[in-house]
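Using the hints, put the two chains back together into the complex; each one sits in its own frame.
Chains Y and A supply the protein sequences, listed in that same order.
Residues 233 to 331 (the working numbering) are what the first sequence spells out, left to right.
Residues 63 to 620 (the working numbering) are what the second sequence spells out, left to right.
In case anyone wonders, no lab produced these hints; they're calculated from the structure.
Accuracy of the hints is not assured; some may be wrong.
Stated by the list, open to error - Residues from chain A that keep clear of chain Y, each with C-beta distances beyond 10 Å, as calculated:
1. Ser64
2. Ile66
3. Leu232
4. Val269
5. Gly292
6. Ala413
7. Phe510
8. Pro552
9. Cys561
As the list claims (entries may be wrong) - Ranges between beta-carbon positions, derived for each pair:
10. A:Lys99 to Y:Asp326: 32 to 42 Å
11. Y:Gly252 to A:Glu104: 27 to 37 Å
12. Y:Leu280 to A:Lys99: 26 to 36 Å
13. Y:Pro242 to A:Ser247: 49 to 59 Å
14. Y:Arg275 to A:Glu580: 34 to 44 Å
15. A:Gln427 to Y:Arg317: 45 to 55 Å
16. A:Tyr260 to Y:Leu280: 38 to 48 Å
17. Y:Ala271 to A:Gln427: 43 to 53 Å
18. A:Lys99 to Y:Arg317: 14 to 24 Å
19. Y:Phe257 to A:Leu232: 18 to 28 Å
20. Y:Arg316 to A:Ala278: 52 to 62 Å
21. A:Arg551 to Y:Glu259: 32 to 42 Å
Source: prediction; values computed, not measured.
The beta-carbon is built from N, C-alpha and C at its ideal position, and this holds for glycine as well.
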Amino acid sequence: MSDDRDPHDPRLERIRAWLGQARFFAEEIYSTRYRGAIARARRDEDDLFMLLVFSEMMGLSNPVAYYTLELQPLLLERFHDWHRRMGMEHSPLDHFKCC
Amino acid sequence: MSAIVLLVLGLGAMAAGYFLYARFIAERIYRLDPDYKTPAHEYEDGVDYVPTNRFVLWGHHFTSVAGAAPIVGPAIAVIWGWLPAFLWVVLGTIFFAGVHDTGAIWASVRNKAKSVGALTGDVVGKRARSIFMIVIFLVLLMVNAVFAVVIAGLMMNFSSAVVPVWGAILVALIIGQLIYRRLLSLPMVSILGVIALYALIGIGPSVPIQMPAEVAGLSGNAVWILILFGYAAIASLLPVWVLLQPRDYINGLQLFIGLIVLYGAILLMNPTLVAPAFNDNVPAGTPSLLPLLFVTIACGAISGFHGLVSSGTTSKQLNKETDARFVGYFGAIGEGMLALAAILAATAGFATFADWQAMYTAFGQGGVNAFVEGGAFIIHNGIGLPEATAATLLTVMAALFAGTTMDTGLRLQRYIFQEWGEIYNQQWMKKSAPATLLAVGSCLLLAFGAGGADGSGGLIIWPLFGTTNQLLAGLTLLVITVMLVRLKRPMAYTLVPLCFLLVMTIAALLIQLRSFLEQGNHFLLVLDIVVLIAAILVAMECASALKRSRAETLESQE
Numbered sequence: 233m234s235d236d237r238d239p240h241d242p243r244l245e246r247i248r249a250w251l252g253q254a255r256f257f258a259e260e261i262y263s264t265r266y267r268g269a270i271a272r273a274r275r276d277e278d279d280l281f282m283l284l285v286f287s288e289m290m291g292l293s294n295p296v297a298y299y300t301l302e303l304q305p306l307l308l309e310r311f312h313d314w315h316r317r318m319g320m321e322h323s324p325l326d327h328f329k330c331c
Numbered sequence: 063m064s065a066i067v068l069l070v071l072g073l074g075a076m077a078a079g080y081f082l083y084a085r086f087i088a089e090r091i092y093r094l095d096p097d098y099k100t101p102a103h104e105y106e107d108g109v110d111y112v113p114t115n116r117f118v119l120w121g122h123h124f125t126s127v128a129g130a131a132p133i134v135g136p137a138i139a140v141i142w143g144w145l146p147a148f149l150w151v152v153l154g155t156i157f158f159a160g161v162h163d164t165g166a167i168w169a170s171v172r173n174k175a176k177s178v179g180a181l182t183g184d185v186v187g188k189r190a191r192s193i194f195m196i197v198i199f200l201v202l203l204m205v206n207a208v209f210a211v212v213i214a215g216l217m218m219n220f221s222s223a224v225v226p227v228w229g230a231i232l233v234a235l236i237i238g239q240l241i242y243r244r245l246l247s248l249p250m251v252s253i254l255g256v257i258a259l260y261a262l263i264g265i266g267p268s269v270p271i272q273m274p275a276e277v278a279g280l281s282g283n284a285v286w287i288l289i290l291f292g293y294a295a296i297a298s299l300l301p302v303w304v305l306l307q308p309r310d311y312i313n314g315l316q317l318f319i320g321l322i323v324l325y326g327a328i329l330l331m332n333p334t335l336v337a338p339a340f341n342d343n344v345p346a347g348t349p350s351l352l353p354l355l356f357v358t359i360a361c362g363a364i365s366g367f368h369g370l371v372s373s374g375t376t377s378k379q380l381n382k383e384t385d386a387r388f389v390g391y392f393g394a395i396g397e398g399m400l401a402l403a404a405i406l407a408a409t410a411g412f413a414t415f416a417d418w419q420a421m422y423t424a425f426g427q428g429g430v431n432a433f434v435e436g437g438a439f440i441i442h443n444g445i446g447l448p449e450a451t452a453a454t455l456l457t458v459m460a461a462l463f464a465g466t467t468m469d470t471g472l473r474l475q476r477y478i479f480q481e482w483g484e485i486y487n488q489q490w491m492k493k494s495a496p497a498t499l500l501a502v503g504s505c506l507l508l509a510f511g512a513g514g515a516d517g518s519g520g521l522i523i524w525p526l527f528g529t530t531n532q533l534l535a536g537l538t539l540l541v542i543t544v545m546l547v548r549l550k551r552p553m554a555y556t557l558v559p560l561c562f563l564l565v566m567t568i569a570a571l572l573i574q575l576r577s578f579l580e581q582g583n584h585f586l587l588v589l590d591i592v593v594l595i596a597a598i599l600v601a602m603e604c605a606s607a608l609k610r611s612r613a614e615t616l617e618s619q620e
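Chain A extracted, bound-state conformation (with noise of 0.2 Å):
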């Protein structure tokens, strides 16, 4: 099958999903009020609430929720063929995310634009607040666990982009001080910083740096692993227009000039998808599509980090309400244009089925470097760019990625830490350092302790960390609904995607955890127990809140 007739297919139905199913959604469910006053004009104050043209805070937005993971996760799931990872992500987006996202939206700028945690104490319970920081937390300690063996896998495969990789994080450094000291305006700043990174990327493939497979007795990988988390730590404690805010940028242009060319690539190419539609083969080993499908991509069909997002610093700055069908339906349909290229590059991205099946040797290979190499391939035979310095650029495109979502998930676990450190009264816990340090420490002994010493089976944890992301989303659809129920509108529309995510999740937390009893996986048993606990906590939360607002608005009916 052509790929381009994949995309448009893909294409076309989110483009539908925006125009019919969202405008639906906003108008008779959410019932979004143009003459509304939205807290960024209501607690105006410059610092937090500020109004915001709404296509900037799109932008802001977009480039917030999306990272490395819809990326890495339809890669791996295209290992079921490109059907399923296709119909989820097509639909996951119209269905659920883009419902979520706006509705995020919706529920907290209708409470003050608080964030979906104090949100879930007000509507749903004291106690469902409790489980929701703790879901949160294993979140951060998986996102950053497995983003850092992610970007060290790449920096061991693809040695050509270390130069680039750790150059654009100087390109930023030196941006951020231009704009800060004012030495040049900002367009100046944006090309000059452009041109910098694209050159990085051209002389990446000349200065390959290959770290040795074994440095001081730890393999390659668990060195890069420790340099990264450094790294990390470093980052999330410095000021942030010193790197977080120059790096964000480039990486936002970035995003929008990578996605530009692929999206172009298999334009001109049109390559054939040599992976088959359902894969009957599998590799040994590989758990079933159903439930795992639907927790292996989360980002791309429907993450709760969005509802983090959307409910802390987009809810703030909405000038209009009716601006959220825009900034949250069309982000989330950002994202899942990002999954489709990631899903079109891991399958149409090999000249023949023996090179396809050569990658996806058992469930979590292939992943992140399938889309490099197959995207390499796309580009390369599209526009006729190397297909050395193809993959340079998509190599740069993911870790920088996974590198912003690993420092700004630190610098969060670093305030849960902090908070812990108030509510507990422990003095040294609130200072910054430590915290980071703790935050740092507990991240590594789940990136060593899943995989090994070398780290490089931390993957595993992938589809785990797909279900406590679920979980979070399942968690701010529940609040959604109450209110939803308090206001006597249909509940449907966000109630099925809330069932559907939870019986999923709660199958495959079940599924995994005898494949973790059977490997002798001690480790990751108990975190998988956790994670089981918390969902089956979600789920009775669900019941008991829906069943109490339900008796509520039937009394006050009477």
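Next comes chain Y alone, as it looks inside the complex (with noise of 0.2 Å):
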């Protein structure tokens, strides 16, 4: 009974080698043809997270200022996508230069 269950018997790994690439195609054949459109919407919520946390520069009263400041430089690279993305050269803040 013990050998059946040793995790190097080269029948099992074969099984589970199998078992991996099955569920890699299973995974990727569900998620090809929507991949975009999930990717978006999700962008579109990080947009939104990201104006929330510099709305004060946008003029916008911010009443969590105090904790968003903090996140300011660590979506500074999110940030560099986003003005990219909308066509701006260069960042459109005036304080916030990251380019």
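In structure tokens:
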């Protein structure tokens, strides 16, 4: 019985590899078709979050500015992506230059 | 004649097409290059441009293009006998669809993965692009109207399928949540989903739901059409992961299982083709085979819709350019196989010739109902499944496909309305809800306008849908041909199919124009004229674009 459960049994390894492969294909097939649509929806949500974090700079009062201020450096790279995506070569904010 | 012989002949010819003709086209005409950096690598962003394994991409491509159309078209066209439909499906797949689909991927990959619409603007001209937009809108309009009529007919005729068809949507909603919240692994969810779907199919015959013939002054058929559009409108507005993604996935699994069951049953039973090879005794009012066969079977032989998928999402995910042959050509073969199964079910699935004749009493009759009944007869005799269960299985397969196409089509139509809102600066039209309402409204107008208040006559527009779909294919072939001329490569392999399609389309439109005029159906007469104008514009655009690009190449040679 014990060698049946040997984790290095080549037969078990092969089955495991095969299952892993099947799982990979199933997940790829599940996600391929709508990958773009879902990533775009997620990006929209992220943009909204970024708007909240940077709201003070655009003149919108933010009751939790004390906390979101800390997040600004973390969002630096995403902010850079965002303004490039929106067709602006450089940061549109006066006090927040990323490039 | 034995169905197995026809099956082997058809599959053998398609296999030869893949190994010989497709190789020639890929190596000599498109000259696919394994070292070419595809847009998936060049612009890789994890959103749209993602290099994808070719088997996965084929699965995506095939399940996106396969719908109810390759079932409905051939099942209507066998009214002229099985031979014309068989030849057009097999030869169309080999020489038309495969070349067209592979070519659309190639053209798009060589042009930054742009869509055929954008390519028409770049390669052929601005004018052609406007025609393209109109043709696309007409195709979507007709596909939604026709499929609503098809599903409504199925729901009325096969009441045992009502519970499984709507239950499948519930299954998809649950699967979507299980996967989204990572409650179960995907292989586990797939197995559970398939079991749940087939359990529903199993219990379907014992809980039939029959819509009364008349509800509040409307026919049962019309009520189903309204319910279906209500569903499609909601489905097209939901986030994709909630319903569309899990449902397409479960549909894809179901498609493969359904095809295996049907082909397996044909092999085990070896039914005889009861329908004649050529039907000399067609019911009165059946239009002539030439040219109508070539627009009745669009999907399954050549379909412009494939070009939209090929150049839309497939080309952005192609890992190597040489994969285009496998994904595009073999995708077309998958569709051809579905059409072949539909032909066999609708011609061999009857006990006697008289039974078959009773099904095909008029042009447009039979169709998907013949596929379901014939297929159920074969499955019952081949693998012993009760006939009611087998009929439910095939109805669910056809209805789910048509449903998927409907809400995708409605979503695309909504985008077009929103784009028009953008172009003509109409704020209200840019919003999702009003744009969806406009899309649904235009489809309902067509579904009821074509066939009267009960909506049952909507299938009259099937050939008209075919012509529009072929026009779209013609525009894609034009883009490919112009590209080939500019590269100084042989253009006959795409030009001959292009000319053939245009001639058949215009001839079919003229014949239908006469019959609509004789019937006094002014609504369809106007629609026919609109499509005819688009067809003539496409033909003239072809002539001028080819003349221009030939002149350019000759000039550059001098």
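Satisfaction of the hinted span 27 to 37 Å by the C-beta atoms belonging to glycine 252 (chain Y) and glutamate 104 (chain A)
At 30 Å between Cβs, range holds.
Range hint 38 to 48 Å: satisfied by the CB atoms of tyrosine 260 (chain A) and leucine 280 (chain Y)?
42 Å, holds
Verdict for leucine 280 (chain Y), lysine 99 (chain A) (Cβ pair) under range 26 to 36 Å
Between leucine 280 (chain Y) and lysine 99 (chain A), where Cβ atoms are some 35 Å apart, the hint holds.
Between the beta carbons of lysine 99 (chain A) and arginine 317 (chain Y), is the distance compatible with 14 to 24 Å?
23 Å, holds
Reported absence of glycine 292 (chain A) from the contact zone with chain Y (all CB gaps over 10 Å):
Non-interface label stands for glycine 292 (chain A): nearest chain Y Cβ at 23 Å, farther than 10 Å.
Looking at proline 552 (chain A) again, its CB stays over 10 Å from all of chain Y?
34 Å, holds
Separation of leucine 232 (chain A) from chain Y, once the least beta-carbon distance is taken, above 10 Å
Label holds. Min Cβ-Cβ 19 Å, cutoff 10 Å.
For serine 64 (chain A), is the shortest CB-to-CB distance to chain Y above 10 Å, so the non-interface label stands?
At about 36 Å from chain Y, serine 64 (chain A) clears the 10 Å cut-off, so the statement holds.
Evaluate the condition: distance from the CB of alanine 413 (chain A) to the nearest CB of chain Y exceeds 10 Å.
39 Å, holds
Verify the CB-CB distance for arginine 316 (chain Y) and alanine 278 (chain A) against the hinted window 52 to 62 Å.
With a Cβ separation near 56 Å, arginine 316 (chain Y) and alanine 278 (chain A) satisfy 52 to 62 Å, so the hint holds.
May I ask you to test the hint 49 to 59 Å on the CB atoms belonging to proline 242 (chain Y) and serine 247 (chain A)?
24 Å, violated
Is 18 to 28 Å right for how far apart the beta carbons of phenylalanine 257 (chain Y) and leucine 232 (chain A) are?
26 Å, holds
Hints 13 and 14 from the earlier list are contradicted by this structure; the remaining hints agree with it.
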